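Enquirer: Sequence order for the protein chains is A and B.
Each residue of the first sequence is one higher than the last, beginning at 1 in the numbering used here.
Each residue of the second sequence is one higher than the last, beginning at 116 in the numbering used here.
By construction, these hints were calculated from the structure, which means they are not laboratory data.
Note that the coordinates shown come from a computational prediction; the quantities given were computed from them, not determined experimentally.
We put the beta carbon where it would ideally sit given N, CA and C, even for glycine.
Any given hint could be a false lead.
Said to hold, decoys possible - Quick list of in silico lysine-lysine cross-link-like pairs, DSS-like style, CA-CA up to 30 angstroms:
#1 K179(B) to K114(A)
#2 K129(B) to K61(A)
#3 K114(A) to K61(A)
#4 K181(B) to K170(B)
#5 K156(B) to K68(A)
#6 K156(B) to K129(B)
Claimed, not checked - Pairwise CB distance ranges, derived in the manner of DEER restraints:
#7 Q58(A) to H200(B): 20 to 26 angstroms
#8 G41(A) to G131(B): 24 to 30 angstroms
#9 A215(B) to I60(A): 36 to 42 angstroms
To be verified - Where chain B lies over chain A, by a calculated footprint (3+ residues, C-beta under 8 angstroms):
#10 24 to 31
#11 63 to 73
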Amino acid sequence: AQSVTQPDIHITVSEGASLELRCNYSYGATPYLFWYVQSPGQGLQLLLKYFSGDTLVQGIKGFEAEFKRSQSSFNLRKPSVHWSDAAEYFCAVGASKAAGNKLTFGGGTRVLVKP
Amino acid sequence: GAVVSQHPSWVICKSGTSVKIECRSLDFQATTMFWYRQFPKQSLMLMATSNEGSKATYEQGVEKDKFLINHASLTLSTLTVTSAHPEDSSFYICSARDWAGGDNSPLHFGNGTRLTVT
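Only chain A is shown next, with the shape it has when bound in the complex (with noise of 0.2 angstroms):
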C-alpha cells in the first residue's frame, strides 16, 4: 500500500527566507508524486506534479520540488517565502498519471510566515 510522510507538522518562517519542506513516500511502483497547497477553508490548489524525466521540477507561485528515488523524497522548496504562502502544505502520491485517482495524501504541513 502507498503512503505519504510529512515529518513537520508545522514550520514557522520569516517572509523572505526560504522554505523546505520533506515529503517521504513508500510505493512499490513508479510513483506519481504531487503537492498542493490548501489555503483556510478552502479547496486545494495544485502547485506541481512529478511523473518522470526531470527529478528538479517547476511548479506555480516559484515553488520546485526535487525527486530523489534513491531517498524516496520529494521535497517542496521556495527561495523566498511571501506572506501569502501562509498555508497547508499536502504530498500526495498516485498510482498512476490521472491526478486523483486514488490519491494517498501525507499529514500536511502547516506554514507559518512572520513578518
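Fit chain B to the given chain A structure using the hints.
Expert: For chain B alone, kept in the frame of chain A given last:
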C-alpha cells in the same frame, strides 16, 4: 481555467437529519469525481469515487448507506449524509478531472463544505 463548484460552503444541521452536498464541474465534463473528508488539522481521506451513470466505489470503512453518492450527469455529483450525527461533522471536499484532458490533466478541487451536526 477549470472550476469545480461545491455547494453549500457550510451547513449546520440537527442530528438525525440528512444533508446533501453538490459538486459541479463548471466548464468541463467529469466522468469521475472524488469525495474526500478532512477532519480538523488532519489530512484528506478519500471516501469514495463517484462514477457517472454507475454506482460509486467506496473506500474501506466508509458506509455506503450513510454516505449516498449520485453522479447523474457529467457535471454533477452529490453526496448525501444520511441521518447525520455529530461525529459526521467534518470538511468534505470534492474533486474532478476533465475526462477529455487525458492522463496528464490536473485534478480540480472544490472549495469544500464545512458540515456541523448539532
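Enquirer: Checked against the structure, which of the hints given earlier come out wrong?
Expert: Of the numbered hints, 1, 2, 7, 9, 10 and 11 do not hold.
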